[in-house]
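Chains A, B and C, in that order, are what the protein sequence lines are. Just so you know, my numbering puts 156 at position 153 of the first sequence, and the rest follows in order with no gaps. Just so you know, my numbering puts 1720 at position 263 of the second sequence, and the rest follows in order with no gaps. Just so you know, my numbering puts 767 at position 135 of the third sequence, and the rest follows in order with no gaps.
Because the hints were derived from the structure by calculation, they are not lab data. Keep in mind the model is a prediction, meaning the values are calculated, not measured. Where a beta carbon is used, it is the ideal one built from N, C-alpha and C, also for glycine. Among the clues, some could well be false.
[Stated by the list, open to error] A few chain B residues that face chain A, going by a derived Cβ cut-off under 8 Å, partial list only:
1. Phe-1522
2. Arg-1709
3. Gly-1715
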Amino acid sequence: MVKKIKQADIGKLLERWAKDYRIFVPSRDGEITRFDRWDGKDTGFLSIYRNTVVPAKSVFFPVKEEMFSYKKDSTGYQLKVPGPSMSKKLLFGIRPCDASALAMLDVAFKEGYEDPYYLEKRRDTVLVGMTCLRPYDSCFCTSLGGGPGESKNVDIMMTQVGDEYILEGITQKGEELLAGVEYFTDASEADISRLRSVKEGALKQITRKVNVKDITQRIYDVIENKEFWETSAIKCVSCGVCTFFCPTCYCFDISDEKEKGTGIRKRAWDSCQFPVYTKMPAENPREEKWRRVRQKVAHKYAYFPTLYGGTISCTGCGRCIRLCPVSWDITAVINSVPEKVTTESK
Amino acid sequence: MTTSSISERKKFFSQNNVYLPHVCVIEKVIDETPTVRTFHFKFKDERLQKEFTFESGQFGEYTVFGVGEATFCISSSPTRPDHLEVALQRVGKVTNAFHRLGVGAEIGFRGPYGNSFPIDSLKGKNLVFVGGGIGLAPLRSLIWNVIDNRDKYGKIDIVYGARSPADLCFKYDLEAWSKDNTVNMVTTIDRPAEGWNGRVGLVPAVLEQVAPSPDNAVAIVCGPPIMIRFTFPALAKLGFTPEQMITTLEKRMKCGIGKCGRCNIGPLFVCKDGPVFRYDQIKNFMPQEY
Amino acid sequence: MDKILQDNLRKEVKALFEQKKVDLVIGYETGPTKFTTTPVLIKNSEEADRLVINDFITSNLAKMLVKIKGKAGIVAKGCDSRSIVSLIQDHKVKRENIVIIGVPCSGIIDVGKISRLIGKEPDEIDDITREKDAVLVTSGSEKKSLPLKEVLYEHCLACDLSTPAECDVLIGEPASPPLDKVASLAKINEMEKMTAEQRWQYWKEQMQRCTRCYACRNVCPVCYCERCFVEESEPQWINIAPNWQDNLIFQVIRSIHVAGRCTDCGNCERACPVGIPLRSLVRKMYDIVDEMFHYKAGTNKDDLPLMASYETREAEELIR
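Using the sequences provided together with the hints, build the complete structure.
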């Protein structure tokens, strides 16, 4: 079903949903934006018309979290896992690129051994997506199977049309949430046609394109080409910005923090770009910067697709390009990976 | 190359959480070398100790409470399940703290993780074990496993070396294997040393001298990366194909279960798809990061 | 900045390659998004036309000289040239191995400031043109003139050296940004008026946003340690997880470590993805160094590094 709601009624809608769900909305935190608990009253966040700086993954895979705590008593060490997180969340206003990224994290954290921390936070979460009316010039979601109005990874897709929002029910859960809410009116044929043209308009604004035809094989073909990777890596400073703010990156570090007689084991975001990421006492296989940059690009466009049915672990959100201190551009690197080597050209 | 499936190992999870270590108690400490110690330990939960199984080549994540967690292979054999053994060299924060623990101290253990040596495919074959330094630890688990079922395997050659006599690990095993007349035990040290009357030479060079036949044989190699890199060509010279060479790789690891991302070589995770690999698997196709 | 500077630069670089005076040149090229530039390393004169000089050449390129192989030409603004001098003092760069191409700088535009002033993000702005004391910003049919002082980077307003002194060639006439030290140090002065408790609360709030991405440290030209103190485990100085307390200690210790070598180039604050006002710490340290030792980093390449040298007249009251 497709429904319509006036912008002025969004607050009441969220109040309604807040009875069953903990609502998360894009929020301002100093100069940046991130997903935080809705304060229950203010809908000023609707003026955040672009993607948040901190990606939605931070709700389920936070910057740091406790894995367990331990303390020593007369019988020895006792370990305690933190209590269950608030379940039944609703993420309101997630962008299609971040939603696609969550689908990838879902697979990575569930396949093989299940990661209890991520999965426990992620279960029973409703995703209410928001169409990007004004994509960045650094966005390139369309090259990766996404789009500013793409709805395939959300439960409900919202699009602002004038001073109203049109909501499309995508999954059964989404339809259930849309049913019987009195602030909605049914969307008319005219509404749906306006929706279509708004989405088309947004689509036309994506100007950045990346050539991902046969990209996995193309990367394997240059995987040992040191010169290629050194040229791509020369200006990188090996910080963690691109990976931390990437919605699909999920590397983490585990560390213990000790107090007297007790301690906590935490995990925190880590980055394959840090020089010490792979350091062992005897040697460091990725001491040279070009190897680390190769790891980042190849993991996203070759290794992850190899493991997970061809899915490229990049959703074109453009944060890495916007936030990189030296404006390193992954699309330039991917576009410079030579075309696939065919038997004729060999 | 996963042997016991992941769903089977769930029963060894503590509180249903794969990241939670079990509390274990150290029962014995053996000084192997000035920097290597072996610890014999048991789960505090006696029932778990009885039910726990693993396969040679698998590893665990060991916690020194208050300090951190580190990865080491299980160096005891599954054929001798009374207790578990781990051998580790002190090189950093966690290992130094580990070395300061004595009998009765509590540690954490979670595992077994990783794949294992393909022991079924080794049956009936002649086995050539090539080890260096503390690299003997994972091999040792397999060697005892094989010796405890001796009639199922063919010839056994063991070529093992270390920098000096003091750096030879598991000296009691080396002695036992020397005395076993179904085993050809060759021990070497890198450079001549006073009081040493045995062989002298780097392991790959000594391997070529011993020249085990590649017929119906499999070579299992473990040691410092530089030794492994020279042993593969040495084996090739003797006529071994890449499919006949098995090794176990070491990488910096944290989660041990293929989640935290750091131990990968290309699309393979050393903690999940390894640490045991056949040489032909890692020779081509993957970035040379081992 | 003038297109003339850009043309001069390209001519100069081509000449350097032709005369075989350099193996490579480090400079700026057009960035991937509007009003950005990005560092580039070119290896021959054909690539010289990639180099740009404009109002957005923000990065401090000095960092790229550490560990570079071959004779390197480097495009350097005033602050960059001082960082290069700091590196020469620390023996990380050899003076004879580099050719410093000096760029007289009249200030770099902070597009973020413009964004905040007109309420539009950089990619929604069509044009930013610099006029004498103002900047003309066009977005669609809207045109707005903003005073230059309000849109330059804060550190530009307190620039101590806008025309590089240590350089091999200068590609234009000396220039300077409009100086306004009061405006430049406004945040710091505000903080000095706070009580210790207020300051503590302020930094606690700021540090809670820090994710320990280390962008600040990694873009800093004088943070070149092979293994930073945060990466040590024996002893473990601070926790790895980004707790605000550990984050604050990291920043404070980093400020101390760069004291006497930091030239207030502003790159740390610019690089921070979550907008922490890091310059308030390092600039304060810069001023303390000036006050205590009458020393400004990166001024004279033959000076000994400040924190690695001692003169008897500096004897502390305590130690006497």
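Hints and how they fare:
About 6 Å separates the beta-carbon of Phe-1522/B from the nearest beta-carbon of chain A, less than 8 Å, and the hint is met. Because the closest C-beta pair between Arg-1709/B and chain A is about 5 Å apart, less than 8 Å, the hint holds. Evaluation of the Gly-1715/B hint against chain A yields a held restraint, the C-beta minimum of about 5 Å falling below 8 Å.
Figure legend: structure checked against the earlier numbered hints; every hint is met.
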